[in-house]
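**Student:** Next come the chains, spelled out residue by residue.
2 protein chains.
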Amino acid sequence: MTRIFNFSPGPAALPEPVLKQAQQELLNFRGLGVSVMEISHRGKEFMDVAEQAEADFRDLLQLPDNYHVFFMQGGASLQFSMVPLNLLGEKSTADYLNTGNWSTAAIKEARRLCDVNVVASSEDTNFDRIPALDTWKLSKDAAYLHITGNETIGGVEFHEYPDLGTTPLVSDMSSTLLSRPLDVEKFGVIYAGAQKNLGPAGMTIVVVRDDLVGLARANTPRLLDYQVYADSGSMANTPPTFAWYLCGLVFKWIKSLGGLTAMAEINSRKAKKLYAAIDESNYFTCPVAEADRSWMNIPFTLADAGRDGEFLELAKARGLLNLKGHRSVGGMRASIYNAVPEAAVDALIEFLREFEKREA
Amino acid sequence: MTRIFNFSPGPAALPEPVLKQAQQELLNFRGLGVSVMEISHRGKEFMDVAEQAEADFRDLLQLPDNYHVFFMQGGASLQFSMVPLNLLGEKSTADYLNTGNWSTAAIKEARRLCDVNVVASSEDTNFDRIPALDTWKLSKDAAYLHITGNETIGGVEFHEYPDLGTTPLVSDMSSTLLSRPLDVEKFGVIYAGAQKNLGPAGMTIVVVRDDLVGLARANTPRLLDYQVYADSGSMANTPPTFAWYLCGLVFKWIKSLGGLTAMAEINSRKAKKLYAAIDESNYFTCPVAEADRSWMNIPFTLADAGRDGEFLELAKARGLLNLKGHRSVGGMRASIYNAVPEAAVDALIEFLREFEKREA
Numbered sequence: 001m002t003r004i005f006n007f008s009p010g011p012a013a014l015p016e017p018v019l020k021q022a023q024q025e026l027l028n029f030r031g032l033g034v035s036v037m038e039i040s041h042r043g044k045e046f047m048d049v050a051e052q053a054e055a056d057f058r059d060l061l062q063l064p065d066n067y068h069v070f071f072m073q074g075g076a077s078l079q080f081s082m083v084p085l086n087l088l089g090e091k092s093t094a095d096y097l098n099t100g101n102w103s104t105a106a107i108k109e110a111r112r113l114c115d116v117n118v119v120a121s122s123e124d125t126n127f128d129r130i131p132a133l134d135t136w137k138l139s140k141d142a143a144y145l146h147i148t149g150n151e152t153i154g155g156v157e158f159h160e161y162p163d164l165g166t167t168p169l170v171s172d173m174s175s176t177l178l179s180r181p182l183d184v185e186k187f188g189v190i191y192a193g194a195q196k197n198l199g200p201a202g203m204t205i206v207v208v209r210d211d212l213v214g215l216a217r218a219n220t221p222r223l224l225d226y227q228v229y230a231d232s233g234s235m236a237n238t239p240p241t242f243a244w245y246l247c248g249l250v251f252k253w254i255k256s257l258g259g260l261t262a263m264a265e266i267n268s269r270k271a272k273k274l275y276a277a278i279d280e281s282n283y284f285t286c287p288v289a290e291a292d293r294s295w296m297n298i299p300f301t302l303a304d305a306g307r308d309g310e311f312l313e314l315a316k317a318r319g320l321l322n323l324k325g326h327r328s329v330g331g332m333r334a335s336i337y338n339a340v341p342e343a344a345v346d347a348l349i350e351f352l353r354e355f356e357k358r359e360a
Numbered sequence: 001m002t003r004i005f006n007f008s009p010g011p012a013a014l015p016e017p018v019l020k021q022a023q024q025e026l027l028n029f030r031g032l033g034v035s036v037m038e039i040s041h042r043g044k045e046f047m048d049v050a051e052q053a054e055a056d057f058r059d060l061l062q063l064p065d066n067y068h069v070f071f072m073q074g075g076a077s078l079q080f081s082m083v084p085l086n087l088l089g090e091k092s093t094a095d096y097l098n099t100g101n102w103s104t105a106a107i108k109e110a111r112r113l114c115d116v117n118v119v120a121s122s123e124d125t126n127f128d129r130i131p132a133l134d135t136w137k138l139s140k141d142a143a144y145l146h147i148t149g150n151e152t153i154g155g156v157e158f159h160e161y162p163d164l165g166t167t168p169l170v171s172d173m174s175s176t177l178l179s180r181p182l183d184v185e186k187f188g189v190i191y192a193g194a195q196k197n198l199g200p201a202g203m204t205i206v207v208v209r210d211d212l213v214g215l216a217r218a219n220t221p222r223l224l225d226y227q228v229y230a231d232s233g234s235m236a237n238t239p240p241t242f243a244w245y246l247c248g249l250v251f252k253w254i255k256s257l258g259g260l261t262a263m264a265e266i267n268s269r270k271a272k273k274l275y276a277a278i279d280e281s282n283y284f285t286c287p288v289a290e291a292d293r294s295w296m297n298i299p300f301t302l303a304d305a306g307r308d309g310e311f312l313e314l315a316k317a318r319g320l321l322n323l324k325g326h327r328s329v330g331g332m333r334a335s336i337y338n339a340v341p342e343a344a345v346d347a348l349i350e351f352l353r354e355f356e357k358r359e360a
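So the sequences go chain by chain: A and B. The numbering of the first sequence is the working numbering, which starts it at 1 and goes up by one. The numbering of the second sequence is the working numbering, which starts it at 1 and goes up by one.
FYI, nobody ran anything at the bench for these hints, they're computed from the structure. Where hints are given, some of them may not hold.
Same chains, same names: a pair is fine if it fits in one copy or spans any two.
To be verified - Below, simulated SDA-like cross-link-like pairs (lysine to any residue); rule was C-alpha separation at most 20 Å, straight line:
1. Lys324 x Ile349
2. Lys140 x Asp183
3. Lys20 x Leu32
4. Lys108 x Met235
5. Lys324 x Ile4
6. Lys316 x Lys357
7. Lys324 x Glu45
8. Lys186 x Leu138
9. Lys44 x Gly319
10. Lys316 x Arg42
11. Lys20 x His326
12. Lys186 x Glu313
13. Lys272 x Ala262
14. Lys316 x Gly33
15. Lys44 x Ile4
16. Lys137 x Asp163
17. Lys44 x Thr220
18. Lys44 x Leu314
19. Lys91 x Thr167
20. Lys108 x Trp136
21. Lys20 x Arg30
22. Lys316 x Ser40
23. Lys252 x Gly33
24. Lys252 x Phe29
Put together the whole structure using the sequences plus the hints.
**Tutor:** Laid out in structure tokens, this is it:
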């Protein structure tokens with residue numbers, strides 16, 4: 001079997017040891033004679049899987065006791081609706097920072113449900129940076145401020161999170177959660193689709209501070225109310241059990257590598273060397289402002305966009321897959337999540353140098 | 001490896017050939033060198049999986065062209081909200097038939113979103129039957145009538161569906177869809193959580209007649225609007241790709257057995273022999289009226305409920321698993337979905353006879 005280096009932005013590469021364990025026990029989970037997919041979510045065996053996954057997740061993030069962890073469906077996109085439905089309470093306005101495609105999508109959905117104040121936007125510079133904190137025009141009475149911790153498409157990431165006083169900070173962390181330590185106490189709500197660093201598509205993890213649970217609007221559909229997840233341990237209906245199990249295996253794998261501090265060291269090293277190679281080159285360019293460059297998604301362009309197709313074909317022939325940039329921005333993008341090994345980045349750097357030489 | 005006979009009500013048994021294929025290609029899907037879980041939902045390879053699954057599903061049900069098929073998240077329980085949000089339009093009332101736990105749950109959620117008229121209920125007889133059609137008190141101007149095609153907990157199933165004229169018929173088919181042929185044209189909407197006959201938990205399949213798409217209330221959260229799924233081919237956000245892939249394998253497996261006519265023959269034979277064994281016995285009783293007995297979920301009680309624990313332990317020792325009835329009704333329940341082989345039913349019948357003899 002030939003595995004390749006997979007730079008997919010999501011659904012993204014999973015750790016090979018996780019896939020191997022899942023494969024090995026796919027038809028016979030813990031000697032039960034059935035798959036983990038074939039057992040009741042309320043039975044002792046699956047409850048053990050679910051609880052262990054939550055415990056490991058809490059442990060990795062050093063999560064304070066006053067935060068809930070919810071395992072749910074619908075992806076980050078459903079959180080674009082759930083955040084306003086759950087957090088507005090008596091208020092009518094929410095603040096949003098616009099740093100790219102995903103912020104824009106969150107804003108668009110929130111506008112259907114409340115008054116949105118865009119505190120700042122980097123749209124004028126093609127979303128190449130995070131607007132400087134001192135330019136943000138915060139509302140006096142916003143229910144919350146929503147940011148996108150990492151823009152998967154634009155490759156813009158927060159490396160330090162603001163302190164907002166009493167306004168709850170809400171962050172879409174889909175492509176950065178568990179890639180490094182996080183000071184959770186700065187946040188009211190954190191959410192992430194699993195399909196980048198946490199597990200397979202079809203699972204969403206939402207972290208909510210206690211006091212923000214139970215505020216949902218009266219007509220909120222039941223499964224969109226955080227309180228329902230708090231009351232049921234995320235089992236108000238049948239959860240995506242296999243995805244939950246796989247997330248649990250991923251959490252164990254991260255712990256085995258040394259937890260988030262170790263992940264951050266590896267991820268920062270991977271990102272730094274790839275940015276350095278791009279910056280040193282005369283052929284490749286990264287459009288993102290240096291201070292805000294993502295450790296996870298690294299967009300870059302070729303001097304001659306007419307050679308994009310050739311680049312992708314040669315890369316594929318070398319076993320470097322899924323480097324095409326998002327259809328909305330073009331160019332290339334290397335997504336180097338936790339499960340993408342350093343060897344993949346090294347191989348990509350080598351390929352960039354060779355491709356540039358061909359062009360010279 | 002020892003596989004056992006798994007009577008789980010859901011997440012339920014999956015066909016062994018499906019699990020084996022998934023296992024075999026888990027790390028290397030179609031020679032790509034990566035898992036089917038690790039590729040973009042918008043890439044050619046996954047689009048092929050998605051389209052083939054829909055084509056096979058349509059083929060199995062002989063679905064007319066004027067019906068959409070949506071692959072989504074949230075389970076049947078999210079449909080309890082989505083059905084009223086999408087179908088009410090200008091109307092304020094919806095009709096519901098109450099045949100058990102799942103009807104009751106659907107009614108409870110609908111009451112939060114509209115006026116509900118319960119056309120008939122079998123609660124007085126402990127949900128042991130479907131109320132006779134001539135007793136249903138239909139509204140003059142209901143947006144739709146909601147029924148539960150099969151009550152997974154109560155074991156009550158429609159064997160013929162009513163013809164309602166112009167009022168759209170909506171049915172929760174979670175535990176019966178693809179277990180037998182279905183005259184889809186009688187319905188406006190059909191929905192089913194996958195984790196019984198279709199695939200793993202975390203996928204919901206919704207079939208909607210064209211004219212019922214595009215009617216959602218103005219403030220409906222985006223991912224709860226059927227129109228969004230119609231416009232995007234169920235890819236408005238990242239779908240649960242592995243679950244979609246597994247559903248596709250299950251559809252192929254059903255086709256390989258001869259499609260729904262063949263499934264119905266097998267399922268009816270399995271159910272008939274198990275009911276016969278229960279009825280012939282002086283120790284076991286099925287509480288459901290004969291005409292409405294489910295082919296999928298067969299509840300039964302022991303003459304001495306004090307021996308329930310002993311029954312379950314002995315069954316387990318024989319490799320007959322997950323026979324415990326739902327916590328809300330007690331007793332036993334054998335869920336004998338498509339993937340539960342006839343040999344499992346034969347083994348259960350043999351065990352029932354032996355257990356009764358022990359008691360004699």
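**Student:** Confirm or reject each hint.
**Tutor:** Taking the hints in turn, this is what the structure says about them:
| no. | hint | in the structure |
| --- | --- | --- |
| 1 | Lys324 x Ile349 | within (16 Å within a copy, 57 Å between copies) |
| 2 | Lys140 x Asp183 | neither (25 Å within a copy, 58 Å between copies) |
| 3 | Lys20 x Leu32 | both (19 Å within a copy, 16 Å between copies) |
| 4 | Lys108 x Met235 | between (30 Å within a copy, 18 Å between copies) |
| 5 | Lys324 x Ile4 | within (16 Å within a copy, 45 Å between copies) |
| 6 | Lys316 x Lys357 | within (18 Å within a copy, 67 Å between copies) |
| 7 | Lys324 x Glu45 | between (41 Å within a copy, 15 Å between copies) |
| 8 | Lys186 x Leu138 | within (17 Å within a copy, 54 Å between copies) |
| 9 | Lys44 x Gly319 | between (42 Å within a copy, 17 Å between copies) |
| 10 | Lys316 x Arg42 | between (44 Å within a copy, 18 Å between copies) |
| 11 | Lys20 x His326 | neither (30 Å within a copy, 34 Å between copies) |
| 12 | Lys186 x Glu313 | neither (44 Å within a copy, 50 Å between copies) |
| 13 | Lys272 x Ala262 | within (15 Å within a copy, 59 Å between copies) |
| 14 | Lys316 x Gly33 | between (40 Å within a copy, 11 Å between copies) |
| 15 | Lys44 x Ile4 | between (38 Å within a copy, 18 Å between copies) |
| 16 | Lys137 x Asp163 | within (15 Å within a copy, 59 Å between copies) |
| 17 | Lys44 x Thr220 | neither (31 Å within a copy, 37 Å between copies) |
| 18 | Lys44 x Leu314 | between (50 Å within a copy, 19 Å between copies) |
| 19 | Lys91 x Thr167 | within (12 Å within a copy, 39 Å between copies) |
| 20 | Lys108 x Trp136 | within (19 Å within a copy, 44 Å between copies) |
| 21 | Lys20 x Arg30 | both (15 Å within a copy, 17 Å between copies) |
| 22 | Lys316 x Ser40 | between (42 Å within a copy, 15 Å between copies) |
| 23 | Lys252 x Gly33 | neither (23 Å within a copy, 24 Å between copies) |
| 24 | Lys252 x Phe29 | within (17 Å within a copy, 25 Å between copies) |
The structure fails to meet hints 2, 11, 12, 17 and 23 from the earlier list, while all remaining hints are met.
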